[in-house]
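Since chain A is already given, all that's left is putting chain B on it; use the hints.
Residues per chain, in single letters:
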Amino acid sequence: MHIASYLSSLMQMSRLVKKSPSVCTDLPLNSSDVCNKLRLMKELLKSSYGPTARLKQVHNNIGGAVVTTSTSSVLLQAISSSHPIVSLIKGSILNHVSRFSDCGLFASVFCLSLIEEAGRCDLSKNVIIRVNKHLLSLCTAHLQQEDCGCKVQLDFCSSQSLITLARSVISSKPTCVLSEPESAHISRLAVQAFLLTVPCNIPDKVRLGRTVTIPMEGHSVLESAVFPGLLLDTPENISLGNLCSPLRMVLFSASLAGDLSELGDGRIEVHQGVDTDSQIVDQLLELGKQVLKDEVKLFVCQKVIHPVLQHYLRCNGVIVIERLGISLMEPLIQLTGAQPVATLHTTVPWEAYGEVHVSVRPFGSKTKLHLHPAGKTTICTMILCHRNETMLSELKLVCQKTEHVLRLTLREPCALLGGGCTETHLAAYVRHQSKNDVSESSPVLGCSQTEYLLAAEAFCRSLESVATSLEHDDGASLIDLTHAHHWTLPSDATEEHLEDAAALCGCGVVQSCQNKKWSYLNTEYAEFSPEPLLTASPLQPTVLDSFTAKVNALEVAVETANLVLDVRYVIQDVN
Amino acid sequence: VKMVPLEQLHLSHVLQAVSALESIVLRSFGPEGGQVLFTRDTGQVMVSRSGKRILTALHLDHPLARMVVRCVWKHSTITGDGSKTFVLLLASLLRIIHATATKDPHMFQPHNSTEASEAATARHLADRLLEFALTELDKLIVLNVLPHGFRVSLENFTAKTQHDLSCQTLLVSFFRTRLGYAYCDFFRNLFCELLSHWKVKDDRPSFSMQFLNNSFLALHTQVSGVPVSCSRLIEGQVIHRDFATPCPQVRKQPLKAVVFNGYLQPKLLTTGDVLELRCGDKVTEDRGIVHFSSWTEKSVESIIATLQSFGVSVLLCALKQSSAVLAAATQAGMCLVECVSEEEISLFTQLSGVTPISDCRRIHPEHIATLTFCKPLLLGAHRYVHLDFHDCEERLKVKPCSLVICAPSEGQADQHACAFQDAFRMLLTALEPVRKTQTALEETIPSKKCTSLHADNISNGTACRVHLHQKCVTETGCVISAGGTFEFLLHHALHQYGHSCSVSVNTSAVVPVSQLLEKALLSVPRQIYSHNLKHFLQAQTRNGNMSLKLLDLGLESVSCKYQLVLAVLQCLTNLLRINMVLRTHAVLHTESHDSLNAHSFMIPMSH
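Chains A and B, in that order, are what the protein sequence lines are. Going letter by letter, the first sequence gives residues 1 to 575 in our numbering. Going letter by letter, the second sequence gives residues 1 to 607 in our numbering.
Hints listed in this document are in silico derivations from the structure and should not be mistaken for laboratory results. This one's a predicted model, so the numbers in the text were calculated from it and none came from an experiment. Glycine included, C-beta positions come from ideal geometry on N, C-alpha and C. Mixed in with the good hints, there may be bad ones.
Restraint-style ranges between C-beta atoms, simulated for each label pair [as the list claims (entries may be wrong)]:
no., chain 1, residue 1, chain 2, residue 2, range
1, B, Q253, A, Q449, 28 to 34 Å
2, B, E235, A, D275, 55 to 61 Å
3, B, E235, A, Y525, 48 to 54 Å
4, A, R248, B, E235, 40 to 46 Å
One-sided excerpt, in silico: chain A residues whose CB lies under 7 Å from chain B [unchecked claim]:
no., residue
5, S87
6, L88
7, I129
8, Q283
9, T347
10, N522
11, N575
Straight-line C-alpha distance at most 27 Å; calculated DSSO-like pairs for lysine-lysine [stated by the list, open to error]:
no., chain 1, residue 1, chain 2, residue 2
12, A, K376, B, K375
13, B, K375, A, K125
14, A, K303, B, K267
Okay, chain A solo, but in the shape it has when bound (with noise of 0.2 Å):
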């Protein structure tokens, strides 16, 4: 206490004005507090978990926007850390969700189970570092197996599975607030627009497009739609009657606006009588001579085009676009073969104009200029419509994480069994090989045998309380004893009626039948061999997890475990 106190004294910072000195916690794990902030963190979290998850809402004390969401990248950035350990933890999942965009809220409630099951039993942190580490290898080991029981290789000659996959990302983010047939159609629309970004011809290396996303307030959702090629805003009264497609276009990246902006740092002084601005106009109405000589008909700029000549292209026939953005640049570039004009004095280079299809598409009470090119395109275009704001930014997000998870498949063309089914697979197989393998690995990893099977239990006990999370009406929990698998009980439902109550399991490959067996989960149950499952199943399965995002949450969420039950000190600067 003595030393403590002192130390404060010694933290005091010497910058211009005195900072509080930092606050330091010894053995942060021990501390009650500690304990209680990360158990709040985990049942907020646990809580918004999967498709019946309860909303959050998200509201600032200065009257911000009111977000409700139960996304984790959201939620995580919402909580304001109270405590390093928490940022810690948060950060980490935070990393992850933004480079795999899924299994955010698996990683972060799995970690915390890790971090309190490591607290209920009484091993050094050492042991049971070593020992998940040793357990994460064997899970991961197992899952990229070929006959892993909890994979399912995705087949890319029907777009079923891959509209699974996707509806499972949608339907696990409630506040979308979508019917049944609403997901099933934004889902296909999502498997849509993720095919039409692949490119068919594909040269020495895959390079996909794009899916620029139009969020439209007030309408159906089943109103939404995919277009090939991009939507633009329409400028007004605009006629295409007399236009012949294609079009050839030209798209400028420098300001059109009359500036001069590379002259360098010195001063310029203009004498009396010295008209540079109508210097200047000229300058850019030889530039829209030189187009129209060229025949052009579509003219975009990155910003700002000088009324004078968008007066002068428009009486031409021309249809001006400006303030396009940066962002559209690039999709429309790979549209139309246009090479964007930096420079206002030297001709246009005939390799710099493009060429492109161009429609009038009413959409609602507005009018989109859609161009569309005259091949193919990876460029495509999703309107999504929603009926409020809130819902609509979720749905957004949502459709972005789907399209991620959907690229990812190109990678490992594979998806894990969902609903909880491929935890509790997990659970009985890390529980039986850590039974079995106690005699080798333990001295490995220098401790006892015991020991050893003390922190595989709590292991596992973590990996099915992720299962349990998926729950939210106090419903049972419980795990076949022949497959492994996930099922629900209704609060209302006794066991012995569980072949009424859940027909299908958390995934619904496997059906319910008279002579199963199932235990609770958290309960003790005689660990057991997980038999795989036929392969002419006639069930295919309903709920998918993407397999590279769930892979990485496994490892993220096992390490900062590991990283936080490591962590012996905190010092906490406060100020």
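Chain B alone, transformed into the frame defined by chain A:
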């Protein structure tokens, strides 16, 4: 500047300050130690087990504590290791000196106050201790510690064979103290792989190590959000910038690249220039200001045309280029990378053998590098430029490769990168370059014989032999089992030395200073085995017969340890020479008293 009352420094203050630092460092010390977690005032989270990082991250106000941290920082920046032991040993020495001084304050000269005489005694003891270490310590180490150690050389690190595990163990022990048990083997393998790639054939091994240490910043990339096990080596160099122009997909190979120091578009008006636009002038008739800006655009085109005539397709620029340059490069089908950092340009020029161009109009063939590829590389959230050099293996006799360090969070990735950098420093200290005059001698003594020769030495103990082996402490990569072996052996040696001194001199009035160090040294293994006292006693009794069998304890470098003891004693002497702290207040805003800035000056004792 106004003066405030002087603040007398007592020995107990010094001890208190160092003990406070010790209490922090202890949490990550030894086999049971863990991580220390920090938050900065920016909200950034940082984890570390490195004593240097932990101590430098503290915002300390106490001038003495800051001085200690500076000493630790200096020591571990050179040796890359031993910062926690530094604080531990310093605290232990101070405690023992404090105890000695309070017990017998008037040992050397009578003073009017007890505190003053205590301080004088402490200072005197510290001075003598340093003097003793500078003259006697190396001999003691050569005679008593080296016989129990063995030598490693850099060749062993890159050797594929597994028969010599000692170097691998040295690295594993280092990474274990830094990153914990979970990743030490993984990073050891990565480290050895990196070294074997960069090993210059037929050259001094430490040369490539020095090179890696110096250019580590440009050589590694940190990626967050992916598991640690994804860390790997990739061929060539990574430039931590994205292409500023779209990079065409199919390219002919090899590619030609040029490095630019300046702007490609000439700045028309530099600061101080004045452009006057007059009415009715010749210039104005020629369309005035427009003429100027069109001239700069034309000059860009001519530069791009010159580059095209050389077949150049990759431009690396240190500065941000104008949009006109980017558009011209795009149209010419060139890849342009802007804002490349100084370190990366320096590494690129060293590996490619070209010089950067500052004047774009003068391009010669010697400015043009040849690359086998240059493509975008997605690492984590960022897209970087990935390139490799065409004939590096013939020219430089190395296979250039870069290190990708992955971790779930930024703080962890940074921790791993720091550990890597410090591993270079530690090895450089352990295997200091052999001086030319000694090379012949080195070669005649094979590593195994070295040990037995030392053993002979103890029995003969002639001055000339000692002199020969004295060089060994600093020159060869001598290592010894970790887990307090060095401290036990030196403790034992000092004990015998103190005994022989007291017999020969026979002056009981003077405390042999070697006894102070002898006692203090034991505090290090005591902390290592703090969780298990039985192991401490076991380790203490077996110190006579340390051998290769104890490899499971890990290894540490003797020369790092030797330098550590010297650095601690120097720091101690410096600390005890101060008797007063003078706090001066520099007034920044005369009207406000809140924003006073406290500066502290320390006055060395005058006697």
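Each hint tested on the structure:
1. The beta-carbon spacing between Q253 of chain B and Q449 of chain A, approximately 58 Å, falls outside the hinted interval of 28 to 34 Å.
2. The given range of 55 to 61 Å is respected by E235 of chain B and D275 of chain A, whose C-beta atoms sit roughly 59 Å from each other.
3. A beta carbon spacing of about 50 Å between E235 of chain B and Y525 of chain A agrees with the range 48 to 54 Å that was offered as a hint.
4. Separated by about 44 Å at the C-beta atoms, R248 of chain A and E235 of chain B satisfy the suggested range of 40 to 46 Å.
5. For S87 of chain A, the interface hint holds, since its Cβ comes within 7 Å of a Cβ in chain B; the closest pair sits about 5 Å apart.
6. Taking 7 Å as the C-beta contact cut-off toward chain B, the hint placing L88 of chain A at the interface holds, the least distance being around 5 Å.
7. Interface restraint check for I129 of chain A: the shortest CB-CB distance to chain B comes to about 6 Å, inside 7 Å, so the restraint holds.
8. Checking Q283 of chain A against chain B: minimum C-beta separation of about 5 Å stays under 7 Å; hint holds.
9. Look at T347 of chain A: its Cβ only gets to about 11 Å from chain B, farther than 7 Å, so that hint breaks.
10. Proximity of N522 of chain A to chain B is violated relative to the hint, the smallest CB-CB distance being about 27 Å (cut-off 7 Å).
11. Hint status for N575 of chain A relative to chain B: holds, with the closest Cβ pair at about 4 Å, below 7 Å.
12. A hinted pair counts as satisfied when its Cα atoms are at most 27 Å apart, and K376 of chain A with K375 of chain B qualifies at roughly 25 Å.
13. With a CA separation close to 44 Å, the supplied pair K375 of chain B and K125 of chain A exceeds the 27 Å bound.
14. Our distance criterion of 27 Å between C-alpha atoms is met by K303 of chain A and K267 of chain B, whose separation comes to about 23 Å.
The structure is inconsistent with the numbered hints 1, 9, 10, 13, although it conforms to all the rest.
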